[in-house]
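> Keeping their order, the protein sequence lines are chains A and B.
According to the working numbering, the first sequence is numbered sequentially starting from 1.
According to the working numbering, the second sequence is numbered sequentially starting from 110.
These are computed hints drawn from the structure, not numbers from a lab.
In this text, all values refer to a predicted model and were calculated from it rather than measured experimentally.
Check the hints yourself; a few may be wrong.
[Stated by the list, open to error] Cross-link-like lysine-lysine pairs, in silico, DSS-like; alpha carbons within 25 angstroms at most:
1. K54/A to K205/B
2. K166/B to K205/B
3. K180/B to K127/B
4. K126/B to K178/B
5. K205/B to K178/B
6. K101/A to K207/B
7. K101/A to K166/B
8. K54/A to K101/A
9. K174/B to K127/B
10. K127/B to K178/B
11. K54/A to K207/B
12. K166/B to K180/B
[Claimed, not checked] Computed footprint of chain A on chain B; a stretch qualifies when at least three of its residues, placed anywhere within it, have a C-beta under 8 angstroms from a C-beta of chain A:
13. 147 to 157
14. 194 to 206
15. 209 to 215
Think of the CB as a built atom: it goes at the ideal place given N, C-alpha and C, for glycine as much as any other residue.
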Amino acid sequence: GIQVEQSPPDLILQEGANSTLRCNFSDSVNNLQWFHQNPWGQLINLFYIPSGTKQNGRLSATTVATERYSLLYISSSQTTDSGVYFCAVEPNSGYALNFGKGTSLLVTP
Amino acid sequence: EAQVTQNPRYLITVTGKKLTVTCSQNMNHEYMSWYRQDPGLGLRQIYYSMNVEVTDKGDVPEGYKVSRKEKRNFPLILESPSPNQTSLYFCASSLKVKGVTQYFGPGTRLTVL
Numbered sequence: 001g002i003q004v005e006q007s008p009p010d011l012i013l014q015e016g017a018n019s020t021l022r023c024n025f026s027d028s029v030n031n032l033q034w035f036h037q038n039p040w041g042q043l044i045n046l047f048y049i050p051s052g053t054k055q056n057g058r059l060s061a062t063t064v065a066t067e068r069y070s071l072l073y074i075s076s077s078q079t080t081d082s083g084v085y086f087c088a089v090e091p092n093s094g095y096a097l098n099f100g101k102g103t104s105l106l107v108t109p
Numbered sequence: 110e111a112q113v114t115q116n117p118r119y120l121i122t123v124t125g126k127k128l129t130v131t132c133s134q135n136m137n138h139e140y141m142s143w144y145r146q147d148p149g150l151g152l153r154q155i156y157y158s159m160n161v162e163v164t165d166k167g168d169v170p171e172g173y174k175v176s177r178k179e180k181r182n183f184p185l186i187l188e189s190p191s192p193n194q195t196s197l198y199f200c201a202s203s204l205k206v207k208g209v210t211q212y213f214g215p216g217t218r219l220t221v222l
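Extracted from the complex, chain A is given alone in its bound form (with noise of 0.2 angstroms):
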């Protein structure tokens, strides 16, 4: 099956700081999504985008499908952006969202 690889596996960060989170994923895929798993576990939609840059506030995320990864940034860090970052993709064939094994992030006051 496809293989999602994110990096790096584990953030610490201090309120205000940025960083970049990786996915690479190992074939072509129909859609990839963020997700932000949240301290009670909830998987909430940061982003589908399969190609190309979006915003959301502080988030924005890019894929380059052709170079097969997708990267995704948050500015100004807050406390409430800890959790676990998965990426999700879907392969051409198959229709389950295969994840990767996730970042976990920290944001310290």
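Once you have looked at the hints, place chain B on chain A.
Below, chain B alone, put in the same frame as chain A:
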């Protein structure tokens, strides 16, 4: 508000006692699916449904059943739960089968003693 809802959100039960986790979406989505999340194993798909009365196995279907009698509902049934089904369960839905945003429910944390 467009959403996917799951009930219950938390459940502690005992081995062998049948249970159902409900999932409902109000977005007229065709596609619905169930995932479980386990430490070290990530999120894995259990079952999916492309439309009413159309369901199929995902990657880890053993010990689970599903049904899709109405478009909005996709319950997950554990006929005889076992401790290895202790997990965090998510229901998801999307407008069509592929190439669109999938929306996830809030999760159901199940403990089987």
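> Holds or violated: K174/B with K127/B, Cα cutoff 25 angstroms?
11 angstroms, holds
> Under the criterion that the straight-line Cα-Cα distance not exceed 25 angstroms, is the pair K166/B, K205/B satisfied?
With a Cα-Cα distance of about 18 angstroms, the restraint between K166/B and K205/B holds, given a limit of 25 angstroms.
> Within 25 angstroms, alpha carbon to alpha carbon, are K127/B and K178/B?
20 angstroms, holds
> Using C-beta distances, would you say chain A covers the stretch 209 to 215 of chain B, given that this needs three or more residues below 8 angstroms?
With 6 residues closer than 8 angstroms to chain A, the stretch 209 to 215 of chain B meets the three-residue bar; holds.
> Does K166/B pair with K180/B here, judged by a C-alpha cut-off of 25 angstroms?
At roughly 18 angstroms apart (the allowed maximum being 25 angstroms), K180/B and K166/B satisfy the hint.
> Taking 8 angstroms as the C-beta cutoff, is the stated coverage of the stretch 147 to 157 of chain B by chain A satisfied by three or more residues?
With 5 residues closer than 8 angstroms to chain A, the stretch 147 to 157 of chain B meets the three-residue bar; holds.
> Next pair to validate is K54/A with K207/B; report whether the Cα-Cα distance is within 25 angstroms.
The hint holds at about 20 angstroms.
> Does K101/A lie within 25 angstroms of K54/A when you go C-alpha to C-alpha?
The hint holds at about 23 angstroms.
> With a Cβ-Cβ cutoff of 8 angstroms, does the stretch 194 to 206 of chain B contain at least three residues near chain A?
holds (count 4)
> CA of K205/B to CA of K178/B, is that 25 angstroms or under?
17 angstroms, holds
> Measure nothing beyond the straight line between the CA atoms of K126/B and K178/B; if it is 25 angstroms or shorter, mark the hint as holding.
Holds: K126/B and K178/B sit about 23 angstroms apart, inside 25 angstroms.
> Taken at face value, is the distance from the CA of K207/B to the CA of K101/A at most 25 angstroms?
Holds - the C-alpha atoms of K207/B and K101/A are around 22 angstroms apart, at most 25 angstroms.
When each numbered hint is compared with the structure, no violation occurs for any of them.
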